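Asks: Sequence:
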Amino acid sequence: MAVEFCPEMMACAVEGLEKDYKLQSMVKSPSDTGPCIMPPPFNSAELKDVLEKKDHVMKQVETWEESGSVGEETIANILKAQ
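The sequence shown: position 68 = 200 (the working numbering), numbered continuously.
FYI, nobody ran anything at the bench for these hints, they're computed from the structure.
Computed from a prediction, not measured in an experiment: that's the story for all the values here.
C-beta atoms are modelled at their ideal positions from N, C-alpha and C, and glycine is treated no differently.
A few of these clues could be false.
Label pairs and their in silico Cβ distance ranges [unchecked claim]:
hint	residue 1	residue 2	range
1	Glu197	Phe137	48 to 56 Å
2	Met141	Cys168	25 to 33 Å
3	Met141	Val193	26 to 34 Å
4	Pro172	Leu149	31 to 39 Å
5	Leu149	Asn175	36 to 44 Å
6	Val193	Pro167	33 to 41 Å
7	Pro172	Phe137	34 to 42 Å
Produce the complete structure using the sequences and hints provided.
Replies: Structure follows, in structure tokens:
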């Protein structure tokens with residue numbers, strides 16, 4: 133059996149600030165814009181830097197895995213680089 137459900141029913145079950153929030157944040161009409169209009173987190177140069185750093189770190193981890201251990205000196209160098 134199907135039951136009709138409307139946004140107001142969600143707000144009726146709560147009291148106080150929670151009810152106010154649910155009523156104020158309720159969608160009252162369709163939007164002309166898509167849900168994601170935030171700017172990208174990086175520009176192209178910043179993204180390139182992040183990807184290069186990630187690639188370097190991945191290669192470093194592979195080197196450690198091949199050698200079988202990470203020494204105290206290596207850990208100290210990592211901490212200095214950050």
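Asks: Now tell me, hint by hint, if it's right for this structure.
Replies: A quick look at each hint next to the structure:
1. Glu197 - Phe137: 48 to 56 Å: Since Glu197 and Phe137 have Cβ atoms about 53 Å apart, the given range 48 to 56 Å holds.
2. Met141 - Cys168: 25 to 33 Å: holds, 28 Å
3. Met141 - Val193: 26 to 34 Å: Between Met141 and Val193, where Cβ atoms are some 52 Å apart, the hint is violated.
4. Pro172 - Leu149: 31 to 39 Å: Hint holds: Cβ distance 34 Å, inside 31 to 39 Å.
5. Leu149 - Asn175: 36 to 44 Å: Since the Cβ atoms of Leu149 and Asn175 sit about 39 Å apart, the hinted range of 36 to 44 Å holds.
6. Val193 - Pro167: 33 to 41 Å: holds, 36 Å
7. Pro172 - Phe137: 34 to 42 Å: At 36 Å between Cβs, range holds.
Hint violations for this structure: number 3 only, all remaining hints satisfied.
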